[in-house]
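Undergrad: Those sequence lines, one after another, are chains A and B. Residue numbering for the first sequence follows UniProt numbering, starting at 1 and increasing by one per position. Residue numbering for the second sequence follows UniProt numbering, starting at 1 and increasing by one per position.
To be clear, the hints were calculated from the coordinates, so they are not data collected in a lab. Where is the CB? At the ideal position from N, CA and C, for every residue including glycine. It is possible that some hints are incorrect.
According to the in silico footprint, chain B covers these stretches of chain A (three or more CB under 8 Å from chain B) [stated by the list, open to error]:
1. 35 to 48
2. 60 to 66
3. 86 to 97
So these bits of chain A aren't anywhere near chain B, every CB distance computed over 12 Å [what the hints assert, rightly or not]:
4. 54
5. 136
6. 209
7. 210
8. 234
The residues making up each chain are set out below.
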Amino acid sequence: MNILEIKNVNKRFGGLQALGNVNLNVAEKTVHAIIGPNGAGKSTLLNVLVGKLIPDTGSVMFDGQSVLGRKPYEINQMGISRVFQTPEIFDDLSVQENMLIPCFAKRDGAFAMNGYSSVGSQRDVMDKAEEMLVEMKLADKRHMHAAAMSRGDKRRLEIAMCLAQDPRLLLLDEPTAGMARADTNNTIDLLKQIKEERDITIAIIEHDMHVVFSLAERITVLAQGTPLVEDTPDNIKGHPKVREAYLGETQVAA
Amino acid sequence: MFGLSKRDAGLLFVVALLCLFAPFILNPFPEGSAMAQFNGGYPDLMQRLVIFGIFAIGFNILFGLTGYLSFGHAAFLGVGSYAAIWMMKLLTMNVIPAIMVSVLVAGLFSLLVGWISLRRSGIYFSILTLAFAQMSYALAYSVLTPITGGETGLQPKHTDPRILDGALPAGQSPRANLFGLDMKASTQLQLGDWVFTFNAGYYIAAAIMLVAFYLSIRIFRSPLGMMLRAVKSNQQRMNYTGLNSKPYTLAAFVISGMYAGLAGGLLVAMDTQVGAERMFWTASGEVVLMTILGGAGTLIGPILGAGFIKYMENIVSKINDNVLHGWFSFMPDGIENFMVTIIHPFVGKGWHLTLGLLFMLVVIFLPGGLVEGGQRIGNLFKRKKADPKSPDGTTTTPAE
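Next comes chain A alone, as it looks inside the complex (with noise of 0.2 Å):
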């Protein structure tokens, strides 16, 4: 079954088509990736499906509803986390905090007026916030201010944060962009944790191939903002429209 179907998206910013009659679709619990050169409309799209971007045409279907002309905060309460290509979290809060305020938009909605009880009798949401620190091995930094860790870290948290929400399409965009071959490896490996342990779908917008083919069970390749092919990594690897995609000519030896 399909979580996400894409219909016959087009998006036009002034004389530049840069999403053309995009079909895509993501099945469940699998990991999906987009891979394509640059400005080839990979980011347009993910913008498309959080609700930043709104298409010219199309649809955007998640869990059989729209999500066209939803806002961002909207959107994600439906159950699509969105981790960022530079870590966006709360930079100015403890570790702890940042990792409690997604656990407390799960259990309160977009909007709470809770502000006579303390943070620390909410005990549901603390244990929530506790258990997922935990997991993520970032306990003993629950107490650190977010802006000083590091760059792996926020990454690790920002990742934690989006799954404390249990959402059931986590959206990638370049997720070890800048990142050290060692810390892009850690973030590797707690996506395979992650996609092991949870019913989550996961879908990846990726420059780093070594991170594409280690993760994703299904590739789409998107060129000019047009689907190219979509197919698993073992039939993308050697595939030579891909090859012209990226390298502009198709006679390049192996």
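Guided by the hints, dock chain B onto chain A, whose structure is given.
TA: Below, chain B alone, put in the same frame as chain A:
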């Protein structure tokens, strides 16, 4: 204690003690001495210290937590004042209805202003709030004269209906009271050369400030407070975490508007008159200064800032050339005149200059305000006391 952590309860307790003993603390110099000039323990000033403390505590809930800088909070103070004075004119000189209605009316007005202004953030939000406040000021001065009294302002008159109060005896002016206790009632305690004044109005205002401070601590420590800090930290992440930041900022705006209304109502309760100048933009700017000077985003900072500025305004502005000549009279005439000329621009009407310089010094050297200054001094002492075996005996404490 009271659902607060030990640390917060301690802070509340210290503030309560300061309020209780303010008549002593602010009057350290004997009456008639040269330094009596610096005594601040008279009712009018003490009332202003706590009332503007309330104003700044509320402003800090918006600015300190969410980072939204409103430049129009004096409008809510003014609206609260007008609401209070109308209660006194129509209903009763008892301050309770006046204060309650001032909070309510300011809350409704801030809901309207906030709902519109919060469509923008940053500088545009500040300008929108400033525009609203100046509009309110201009309206109060002109078109709304039947409601606001225009240039003359409003005060309770002998002829007002006051349906809950009995008729006043002829010639007696209406006085604000709490179930018969006159707000201006004072008792004096004379100890040697020292005179201490205990004023009913001050203690009522101080008690209300303590309640306001207590509620602000609860908000700071609540999930709402955490969400408001999240708004300041990263709205993008907030929206992608399923949280709608708009009602959160609006809630903070209305709460701070209600605090401003409460302060406005109390100003009327203590001194039963109101004019449109209370809404002027300089009054909005003043609460911004108070909050930043004391330490935005800290619990106690706004109270310190409000106290500091109101003390300066009332004490430094009273120092005139005669007083200066008195201080330097021991010097030869030429030097005396020279010293007076040097200091003259900084005192009396020039007190703003002193305040401006101090504000610059604080912002440059103590970006965390007076609270940061206090913490640095505290850390100095801790370092001295720290165990020599552990080289780093200090722990950086989070801002209170």
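Undergrad: A separate judgement is required for each hint: does it hold in the structure or not?
TA: To see whether the hints hold, each was checked on the structure:
Check on the stretch 35 to 48 of chain A: 0 of its residues sit with their Cβ under 8 Å from a Cβ of chain B, so the three-residue criterion for coverage is violated. For the stretch 60 to 66 of chain A, the stated coverage by chain B is not satisfied: 0 residues place a CB nearer than 8 Å to a CB of that chain, which falls below the threshold of 3. Counting residues of the stretch 86 to 97 of chain A whose C-beta lies closer than 8 Å to any C-beta of chain B gives 7; at least three are required, and the coverage claim holds. Interface exclusion of residue 54 (chain A) from chain B stands, the closest Cβ pair being 15 Å apart, more than 12 Å.
Distance check for residue 136 (chain A) against chain B: the nearest CB is about 16 Å away, which clears 12 Å, and the non-interface claim stands. Non-interface status of residue 209 (chain A) relative to chain B is upheld: no Cβ of that chain comes within 12 Å, the nearest being about 27 Å off. With 12 Å as the threshold on Cβ separation, the claim that residue 210 (chain A) sits away from chain B holds: the shortest Cβ distance comes to roughly 27 Å. At roughly 34 Å from the closest C-beta of chain B, the C-beta of residue 234 (chain A) stays outside 12 Å, upholding its exclusion from the interface.
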